[in-house]
Amino acid sequence: MALLSRTLLSDLGIEMADQDYALLEEHFETTLRNRVINEVVEGLSPEQAEELATMQNESDERLMEWLLANVPDFSDVVSDEVDILLGELADNSEAFNSSSADSTPEDEHF
Amino acid sequence: MSVEAPETPSNPQAAGQQLTPEQVAQMFPDLQDPGGAPIPRAPFEGADGGSAEPPSYPDGELPELTAAERVALYGNDGTDGSAALGGRDGTAGPLAPASGPPTPYWLRPGRQPLPDRNPVTKPLPAVRSGRPKAPDIRSGSADSHDTEVAYTDRELLGKSHRVKVAIEDRAVKRVTRWERIKAKVGNALDRPGEKRLQRRVDRAQDALNARKAHQNIAKSALIRDRRQGAVTSAEGKVTDRKAALQARRDRIVGRTKTADKNIEARKRARNGTIEGLKKQSAEAKARKALRQELRNDSAGRREAKKIVNEKISAGNLQRVGTLILTAEASRRRLSGAEYHEQVAAGRVRATLSGIAESQKSIALLERESAEAPGRINDIGGRLDTIGREAAALGSQLDALHPPGPEDDADYASRYADLRSQFERVQMEQQGFRNDLAHQRDIVTNNPERLTRVNGRLTRLQTEALPAHQQQAEAASRSADAFRGWDKEHQNDRDVAIHDTLYADKKTKRRRSI
Chain S
32 MALLSRTLLS DLGIEMADQD YALLEEHFET TLRNRVINEV VEGLSPEQAE ELATMQNESD
92 ERLMEWLLAN VPDFSDVVSD EVDILLGELA DNSEAFNSSS ADSTPEDEHF
Chain P
13 MSVEAPETPS NPQAAGQQLT PEQVAQMFPD LQDPGGAPIP RAPFEGADGG SAEPPSYPDG
73 ELPELTAAER VALYGNDGTD GSAALGGRDG TAGPLAPASG PPTPYWLRPG RQPLPDRNPV
133 TKPLPAVRSG RPKAPDIRSG SADSHDTEVA YTDRELLGKS HRVKVAIEDR AVKRVTRWER
193 IKAKVGNALD RPGEKRLQRR VDRAQDALNA RKAHQNIAKS ALIRDRRQGA VTSAEGKVTD
253 RKAALQARRD RIVGRTKTAD KNIEARKRAR NGTIEGLKKQ SAEAKARKAL RQELRNDSAG
313 RREAKKIVNE KISAGNLQRV GTLILTAEAS RRRLSGAEYH EQVAAGRVRA TLSGIAESQK
373 SIALLERESA EAPGRINDIG GRLDTIGREA AALGSQLDAL HPPGPEDDAD YASRYADLRS
433 QFERVQMEQQ GFRNDLAHQR DIVTNNPERL TRVNGRLTRL QTEALPAHQQ QAEAASRSAD
493 AFRGWDKEHQ NDRDVAIHDT LYADKKTKRR RSI
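Chains S and P, in that order, are what the protein sequence lines are. Numbering-wise (the working numbering), the first sequence opens with residue 32 and increments by one. Numbering-wise (the working numbering), the second sequence opens with residue 13 and increments by one.
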């Protein structure tokens with residue numbers, strides 16, 4: 032999965048060590064996965080939920096097809112969750128930047 | 013929203029299992045003492061990790077530790093308040109500052125190690141568990157420890173989390189500072205040279221002043237001339253040295269300015285990215301809110317959730333999530349690749365258009381240059397003719413006598429006629445002069461313009477076009493690869509649809525029979 036990348040973080044002005052990046056990426060993906068599943072399940076009827084439960088051993092392709100066919104606005108749901116989480120990251124990166132900008136003047140006289 | 017730490021086999025701490033010494037050593041190499049002894053447990057922790065029988069304190073306060081407990085926890089009785097910072101026997105307490113390099117925050121006690129990155133083997137806990145409980149300090153149980161290390165959005169992206177700390181400590185400041193420091197180190201290395209140049213300028217200036225002072229003292233013209241030569245030479249030296257000093261100062265100032273400019277450029281780009289993401293996020297939130305408004309069957313949703321939580325294993329649910337996100341990632345990659353493909357193709361088109369423009373300009377300049385001498389001759393002849401015409405009209409106007417009482421009407425008409433002819437001729441003359449100046453400009457400057465446009469054409473043809481074509485081909489290949497991948501999976505999906513529909517039809521037919 033490449034929804035969060037170093038390039039994106041770099042564009043946001045965030046440079047991280049490998050370990051920090053791995054931690055953030057893991058958090059990001061876990062959070063996103065949970066939100067997406069939650070949102071997908073929100074869109075299912077009890078019958079569809081039962082049907083999904085019977086498909087646990089199906090292939091990825093069939094599962095994906097089922098989701099596309101049964102979850103209303105599936106693409107929008109997923110895309111929106113990604114955008115929302117990226118927006119939160121951007122919001123907070125702005126805070127990081129402003130807080131770090133506050134501490135830069137000490138360098139000015141260097 | 014919040015997400016609890018996953019209870020996975022790879023995360024035994026969250027699952028309430030005891031870590032083996034090998035696991036501890038693997039996960040927290042810095043926390044193990046040199047002798048390889050296990051990390052001491054808190055008094056309330058049992059052999060199984062301390063989660064079995066947590067003590068309860070109904071009055072909301074932790075009881076005083078007994079001396080034995082203090083010794084067990086801190087290594088001494090801790091009565092002087094220094095127990096946590098270090099024992100009297102010289103052993104470091106749990107809060108004692110490290111003598112070596114500080115422990116990274118992700119390895120501090122109570123922090124959770126990275127969960128298993130294998131998405132298939134890792135179950136997903138959050139959907140069925142809902143919001144995590146707030147940490148209950150009264151219970152003192154392992155549950156509160158789990159809550160403490162649970163991941164929440166605030167922790168992930170918010171105000172007081174280690175990620176934020178990590179970013180603050182290592183991220184933007186590092187880039188900014190590094191660039192500034194680099195410039196300032198370069199400037200610091202240039203400073204001694206600048207001072208040396210300043211001293212040389214001062215010395216040259218003193219020498220010049222001294223020579224100027226002596227210049228006019230001599231009575232002999234020969235000596236004065238010779239001293240004038242020395243003054244001129246000293247002036248040249250001062251000028252040269254001042255120029256060297258100025259160049260050095262410009263370099264110093266330029267270095268700082270470049271660093272500041274780069275920082276500003278990065279800041280602008282960063283703000284643009286942030287604004288774009290925030291806008292997309294706001295739109296997505298609005299769509300999500302609308303979708304939630306439109307879902308009215310809350311009882312059905314609750315039932316569906318219950319069914320999913322009860323009947324689908326966490327691992328399978330996680331598999332579904334990973335599948336969805338992988339598809340989304342590939343969709344975004346394809347979209348990005350197609351965008352880059354379009355941009356690269358646009359660059360190629362712009363370069364080809366620039367080449368065509370340059371070729372047109374060259375043809376025009378060459379034609380103008382070829383025609384200019386002939387036109388100059390032509391205009392020169394016309395200017396002579398029209399000059400003579402203007403002079404004749406001027407003479408006629410001058411010769412026109414003031415009117416007598418008997419020929420008023422004739423005078424006025426003749427004067428107006430001559431005047432208008434004279435003005436027309438003057439305007440034509442001015443037009444020819446302008447044209448002549450333009451043609452002379454062509455003769456003088458067109459060779460330089462031609463050289464410039466030819467240079468641009470050569471650059472476009474030999475550098476820009478091949479580079480942009482190469483980029484366009486790479487972008488196209490990349491987009492094709494993503495399209496191929498997407499198509500392949502689309503085919504799989506089509507086959508699955510066909511199978512599903514065919515199976516449905518067969519079932520229905522069988523039922524009807």
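Everything labelled a hint here was simulated from the structure, so no lab data went into it. As the structure is a prediction and not an experimental result, all values here were calculated from the model. Built from N, CA and C at the ideal position, the CB exists for glycine as well. One thing to keep in mind: the hints can contain errors.
Claimed, not checked - Here are the simulated SDA-like pairs of lysine to any residue, each with C-alpha atoms no more than 25 angstroms apart in a straight line:
{"id": "1", "chain 1": "P", "residue 1": "273", "chain 2": "S", "residue 2": "69"}
{"id": "2", "chain 1": "P", "residue 1": "273", "chain 2": "S", "residue 2": "99"}
{"id": "3", "chain 1": "P", "residue 1": "291", "chain 2": "S", "residue 2": "96"}
{"id": "4", "chain 1": "P", "residue 1": "297", "chain 2": "P", "residue 2": "254"}
{"id": "5", "chain 1": "P", "residue 1": "254", "chain 2": "P", "residue 2": "201"}
{"id": "6", "chain 1": "P", "residue 1": "273", "chain 2": "P", "residue 2": "317"}
{"id": "7", "chain 1": "P", "residue 1": "317", "chain 2": "S", "residue 2": "99"}
{"id": "8", "chain 1": "P", "residue 1": "291", "chain 2": "P", "residue 2": "305"}
{"id": "9", "chain 1": "P", "residue 1": "291", "chain 2": "S", "residue 2": "97"}
{"id": "10", "chain 1": "P", "residue 1": "279", "chain 2": "S", "residue 2": "69"}
Claimed, not checked - Label pairs and their in silico Cβ distance ranges:
{"id": "11", "chain 1": "S", "residue 1": "99", "chain 2": "P", "residue 2": "478", "range": "40 to 46 angstroms"}
{"id": "12", "chain 1": "P", "residue 1": "478", "chain 2": "S", "residue 2": "84", "range": "36 to 42 angstroms"}
{"id": "13", "chain 1": "P", "residue 1": "481", "chain 2": "S", "residue 2": "90", "range": "54 to 60 angstroms"}
{"id": "14", "chain 1": "S", "residue 1": "90", "chain 2": "P", "residue 2": "310", "range": "31 to 37 angstroms"}
{"id": "15", "chain 1": "P", "residue 1": "295", "chain 2": "S", "residue 2": "91", "range": "26 to 32 angstroms"}
{"id": "16", "chain 1": "S", "residue 1": "91", "chain 2": "P", "residue 2": "371", "range": "28 to 34 angstroms"}
{"id": "17", "chain 1": "S", "residue 1": "90", "chain 2": "P", "residue 2": "482", "range": "49 to 55 angstroms"}
{"id": "18", "chain 1": "S", "residue 1": "99", "chain 2": "P", "residue 2": "306", "range": "16 to 22 angstroms"}
{"id": "19", "chain 1": "S", "residue 1": "36", "chain 2": "P", "residue 2": "291", "range": "27 to 33 angstroms"}
{"id": "20", "chain 1": "P", "residue 1": "368", "chain 2": "S", "residue 2": "36", "range": "37 to 43 angstroms"}
{"id": "21", "chain 1": "P", "residue 1": "269", "chain 2": "S", "residue 2": "91", "range": "50 to 56 angstroms"}
{"id": "22", "chain 1": "P", "residue 1": "323", "chain 2": "S", "residue 2": "90", "range": "16 to 22 angstroms"}
{"id": "23", "chain 1": "P", "residue 1": "194", "chain 2": "S", "residue 2": "84", "range": "22 to 28 angstroms"}
Evaluation of the provided hints:
The hinted pair formed by residue 273/P and residue 69/S fails the criterion: a straight-line CA distance of about 45 angstroms is larger than 25 angstroms. Straight-line distance between C-alpha atoms of residue 273/P and residue 99/S comes to about 48 angstroms, which puts the hinted pair past the 25 angstroms bound. Annotation: proposed proximity of residue 291/P to residue 96/S is violated, straight-line Cα distance about 30 angstroms (limit 25 angstroms). Simply put, residue 297/P and residue 254/P have alpha-carbon atoms about 63 angstroms apart, too far for the 25 angstroms limit, and the pair is violated.
A C-alpha spacing of about 20 angstroms is found between residue 254/P and residue 201/P, which places the hinted pair at or below 25 angstroms, so the restraint holds. As the CA atoms of residue 273/P and residue 317/P are separated by approximately 54 angstroms, the hinted pair breaks the 25 angstroms bound. Of the pairs offered as hints, the one joining residue 317/P and residue 99/S holds, with about 18 angstroms between alpha carbons and a cut-off of 25 angstroms not exceeded. A threshold of 25 angstroms between alpha carbons decides the hint, and for residue 291/P with residue 305/P the separation of about 21 angstroms falls inside it, so the pair holds.
About 31 angstroms separates the Cα atoms of residue 291/P and residue 97/S, which puts this hinted pair outside 25 angstroms; it is violated. Among the hinted pairs, residue 279/P with residue 69/S is inconsistent with the structure: their alpha-carbon atoms are about 36 angstroms apart, more than 25 angstroms. At roughly 43 angstroms, the beta-carbon separation of residue 99/S and residue 478/P lies within the given 40 to 46 angstroms, and the hint holds. For the pair residue 478/P and residue 84/S, the supplied restraint of 36 to 42 angstroms is violated, since their beta-carbon distance comes to about 58 angstroms.
A hinted range of 54 to 60 angstroms is violated for the C-beta pair residue 481/P and residue 90/S, which are about 41 angstroms apart. Evaluation of the 31 to 37 angstroms hint for residue 90/S and residue 310/P yields a pass: the beta carbon distance comes to about 33 angstroms. A beta carbon spacing of about 30 angstroms between residue 295/P and residue 91/S agrees with the range 26 to 32 angstroms that was offered as a hint. The hint said 28 to 34 angstroms for the Cβ distance between residue 91/S and residue 371/P, and at roughly 55 angstroms that hint is violated.
Separation of residue 90/S from residue 482/P is about 40 angstroms and departs from the stated range, judged on CB atoms against 49 to 55 angstroms. Between residue 99/S and residue 306/P the C-beta distance comes to about 19 angstroms, which sits within the given range of 16 to 22 angstroms. At about 20 angstroms, the CB distance of residue 36/S to residue 291/P disagrees with the hint of 27 to 33 angstroms. Checked against the hint of 37 to 43 angstroms, the C-beta distance between residue 368/P and residue 36/S comes to roughly 38 angstroms, which is consistent with it.
Separation of residue 269/P from residue 91/S is about 55 angstroms and conforms to the stated range, judged on CB atoms against 50 to 56 angstroms. Taking the beta carbon of each, residue 323/P and residue 90/S are about 19 angstroms apart, inside 16 to 22 angstroms as hinted. Checked against the given bound of 22 to 28 angstroms, the beta carbons of residue 194/P and residue 84/S, roughly 59 angstroms apart, lie outside it.
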